[in-house]
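Which chain is which? The protein sequence lines are A, B and C, in order. If you read the first sequence in UniProt numbering, its first letter stands for residue 1, the second for the next number, and so on. If you read the second sequence in UniProt numbering, its first letter stands for residue 1, the second for the next number, and so on. If you read the third sequence in UniProt numbering, its first letter stands for residue 1, the second for the next number, and so on.
Quick caveat, the hints were computed from the structure, so don't treat them as lab data. None of the values given here were measured: they were computed from a predicted structure. Note that the Cβ used here is the ideal one computed from N, Cα and C, for glycine as well. Take the hints with a grain of salt, since some may be wrong.
Computed far set for chain A versus chain C, every beta-carbon distance over 10 Å [claimed, not checked]:
{"#": "1", "residue": "11"}
{"#": "2", "residue": "21"}
{"#": "3", "residue": "32"}
{"#": "4", "residue": "46"}
{"#": "5", "residue": "50"}
{"#": "6", "residue": "74"}
{"#": "7", "residue": "76"}
{"#": "8", "residue": "81"}
{"#": "9", "residue": "110"}
{"#": "10", "residue": "118"}
{"#": "11", "residue": "123"}
Which residues of chain A face chain B? A partial, calculated answer using Cβ under 10 Å [stated by the list, open to error]:
{"#": "12", "residue": "1"}
{"#": "13", "residue": "34"}
{"#": "14", "residue": "56"}
{"#": "15", "residue": "99"}
{"#": "16", "residue": "102"}
{"#": "17", "residue": "111"}
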Amino acid sequence: MIGLLKSLATTMKHALDGEVYTVAYPDEVPKVSPRFRGVHKFSQERCIWCRQCEKVCPNDTIQIVMDDKRNGEQYNLHIGQCVYCRLCEEVCPTDAILLTQNFEFTGDTKSELVYNKEQLKAVPWYKDIDPLEVREPDRGGWVGEGDGEVDYQ
Amino acid sequence: MSLEAPHEDPLARTDDRESLESILGDHAIGWEEHVNAQGVVIRPDEVQSSLRALRDEGGFDHLSSVTAQEYADRYESIYHLSKYDDRTQEVSVVVPTAKEEPVSQSADAVYRTADWHEREAYDLVGIEYEDHPDLRRILLPETWQGHPLGLDYDQDKPQLVSLSEHANPIAEHHHDEEGETMFLNIGPHHPATHGVLHLKTVLDGETVVDVDPDIGYLHRCEEQMCQQGTYRHQIMPYPDRWDYVSAGLLNEWSYARAIEDMADIEVPEYAQVVRTMGAELCRIAAHLISIGAFALDVVGDFTVTFQYAWQDREDVLNILEDLTGQRMMFNYFRLGGVVWDLPEPREDFFESIRTFLDSFEGSVDEYHDLLTNNEIFQRRCIGTGHLDAETAKSYGCTGPVARGSGIDYDLRRDDPYGYYEELDWDVAVQDEGDNYARMLVRMQELEESAKIVDQCVDILEDWDEDDREIQSNVPRTLKPDADAEVYRAVEGAKGELGIYIRSDGSDKPARFKIRSPCFSNLQVLGEAANGEYVADLIATLGSIDVILGEVDR
Amino acid sequence: MVPQTVATAMPLPDAISDLFGLGDLGLIGQAITAFVAAFLIANVLLVMAAFAGPWGKRKIFADFSDRYAITEHGPWGLFIIPAAAIQLMSKELIVPKGVDRPAWDIAPIIMVFSAIFGFAVIPMGSGIHLADPEVGLLFAFAIASLSTLGMMIAGYASDNKFALMGGLRATAQNIAYEIPLIVTGASVILYTGSLQMSEIVAVQAETLVQLGPISIPAWFAFVNPFAFVLFLAAGMAEVGRNPFDVPEAPTEIVAGYQTEYSSIYFVLVYLSEFLHIFLAGAIMATLFLGGPAGPGPAALGIVWFLAKVVAFFLLTQWFRTAMPRVRIDQLIEIGWKGLLVLSFANLLLTAGIVGVFFA
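Using the sequences and the hints, build the whole thing.
Below you can see the structure in the form of structure tokens.
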């Protein structure tokens, strides 16, 4: 009986303390870690079309089409199929593909989730978090762009 | 034959070639060197006698896993044996069978766990086992054509999966040969099957007469997917998806450990501490779900314990998100270390863990108040779902299920890896073997894991700033020696999670086999639940704690 | 002697009849007034159930589990009520192939009917009292028990094994707990000497003890708390709430007897559950808590009465969050070996109390 009463007291304590754990999304945005891996962003200016991301991708999410002179033509990424493992960002020598913190996306059909180059460029930064900053601080120098704003279209 | 009976002292080493020779005598027709153990080749018609000798004389009472594979010239079943009392003693019993007629003797008579493992081998690879009590497909539908992991499997062939019409539920099954029993399908769509599990149950009134778990609804060919990925990068994202309720890092560790042993990759000590901390956080999260879901099964659908457990898990996930960048599908481990160091500023990160650990103590007390100290809960759980140690061993049970039956077996201590050896913690064991004991084991493990995390935080805090090596140097394309074979296990959230890898010299594994703890644990459900009430069947299933993603892979 | 705040001078139909001057219309007039009065009371109940079902229950559970629950539908999420109503009623009614019609259609109606009909004899205060027969208490118990019939029919007619098990469990449970419930109820009769609801309420309005300015009324719960606890336990089982929710037991037998009901039939089944909780609360309030009695003028009686009913509802919700469900065999054991024995002991105890103090 004591145990039962203690159980009842425990739940009542939670009911009366007025604390709420959940957030009222979308009015209130949940905290997203700076390292969080969301939708990809692509920079054509940086991409050297080395196809390493396409090769490392574990489930063929990235598709690159090049012409016969090895100039990049298409860069397609199926964000509905992606497992968000971040390996493409990890192997990219120029940080041309990276994962923003953006976790909100919708599509009515599967094919709408296939993002082409232009759509990938247009993915917004999430709360102005620059993923490179927080993930690997010393990598910016390695890209060789020097100081100043990193320019992603 | 050796003069003294080695099984009298379970700790006496019997895993070297001399001992094995003396135990097996003429049964051994060849020897192989596996990275983890001595391999011994036996004839396919002598499986039972050989394994019986190894079990009774050699003391190998734990059939950890059965790996089946097809070579160009033969089929092979490998029985990975070990000991509950000393996990470091291992032996791989290799049973080659002819290509034309892949028939091998079943080990079911010696180890009950071989039942399901051999059914899986038959289903996916195509080896047939003589004397097997019930050789049916287990993961794929009954009408499936071909064996997907066989070499000549045609994956483009259209498959016809027929569903036999279900018989009238009340009228026809009412009188069968067992008398007044009723056949009941619990699942695959049922509130308490923890995923897509189908229990074919026969009831006598409210009493369970027979229960046969039907699995495979969530089979995703994880083994085959790993066989198509490169060692270096592409396999690591998949382990997160086996035991997908937050045990990700524990799963990743199983693959990391196997391949690091196989390819001789050193892991820096700092990375080991980070790994240990992350893994134990995952264990806390996984056990919280297990406890919460068990409360759901026993208390009812409106229990708040589940919600409280979910909140605490949420706190853990926030920490893990800061550390790994993802909430469940971490992909944080890399060969030879981890991908990132702790997030900056480190003080804030440590602070967040400490805050969690402080509040967590109170939470555990609350779970005790809500569940284990509650009289009705005790009435429901004590003495139900009973599983004795011998049965548990025979079925290859590991993890909290085994420890709840009094088997003192934990790979973190018995086959040390990571940084566990340096830390101060205990293995939680309860002798009763009922639902309540399994529950208590998980509760204690929550506290032990919290202790480990706490110590890791202390160690990381004091770590020399210039010596924070997170990854050793691993070649970008990793090609282990051809024909190297390794079977390595870690203590996953649900028990022994083992990986078998065979290399063919390329950058992808030739065979990748996952030994899932849930798979073996689920097998024991019938033993624990037969003769009890339906309500206890559900509770027992909850306390065995299966994750179907890991059972079906 | 405290003022009589409760005893209704006149049942509601007669009051309506007087108001509209229908008294001289004879039988037809009586029928019309009775119908109007019943309509009013049923609507009060439906409104209560509407608040409790789609909205109150969620909000309460959210409080217990530190969440918000409904936030997006109007103020405090209240508009979820019409939204849920439209949603549930516009859903397709799926009739499984093998169901035994019309039994399958009748079952939910029986369940709702039994719950609403029970309120006919409950004095709700402020003059709201539909009928006051001399056997009022007996009537309430008898009618409330009818819902078991509905559950059994639903379980059998659904052609679903989970439903069948639920129906059988419901039957076993209700038989096991009906008897202690009524025996405990009978102890009240020893005290009041009448089965008439208005009389039961009136007796409890007397003063038990005078503590300075505060007079404790002779509510039966104060006279014999033991009987109250017994009645509460048996009542919990009777309405199938935790720890006695085995007939539904969602994690074991999906939803028990209601597994195959969808759309409007589901609404009926769901509604009957809430109405039963209210009915159990109403009987409890009448027998043990002085019915509509409470401080303030007699016109507030309905408020006090509803407050007591809602309090019982909240209690069931509280128990749901923390009380583990007992197993079916344990449930039957508690019923036959525990509560039944205790309820007879209580009968003796009450006889003693009445004989010594109230003779």
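Results of checking the hints against the structure:
1. 11: violated (4 Å)
2. 21: violated (4 Å)
3. 32: holds (20 Å)
4. 46: holds (42 Å)
5. 50: At roughly 47 Å from the nearest Cβ of chain C, residue 50/A sits farther out than 10 Å, so the non-interface label holds.
6. 74: Given that every Cβ of chain C is farther than 10 Å from that of residue 74/A, nearest at about 41 Å, it holds.
7. 76: The claim stands: residue 76/A keeps its Cβ more than 10 Å from every Cβ of chain C (closest is about 36 Å).
8. 81: Check passes; 31 Å lies beyond 10 Å.
9. 110: holds (27 Å)
10. 118: holds (34 Å)
11. 123: holds (27 Å)
12. 1: At about 7 Å, which falls below the 10 Å cut-off, the nearest Cβ of chain B leaves the hint on residue 1/A intact, so it holds.
13. 34: Holds, about 7 Å.
14. 56: holds (5 Å)
15. 99: Holds - the Cβ of residue 99/A comes within 10 Å of chain B, reaching about 8 Å at its closest.
16. 102: For residue 102/A, the interface hint is violated, since the closest Cβ of chain B sits about 14 Å away, which is over 10 Å.
17. 111: At 23 Å from the nearest chain B Cβ, residue 111/A fails the 10 Å test, so the hint is violated.
The structure shown violates the earlier hints numbered 1, 2, 16 and 17.
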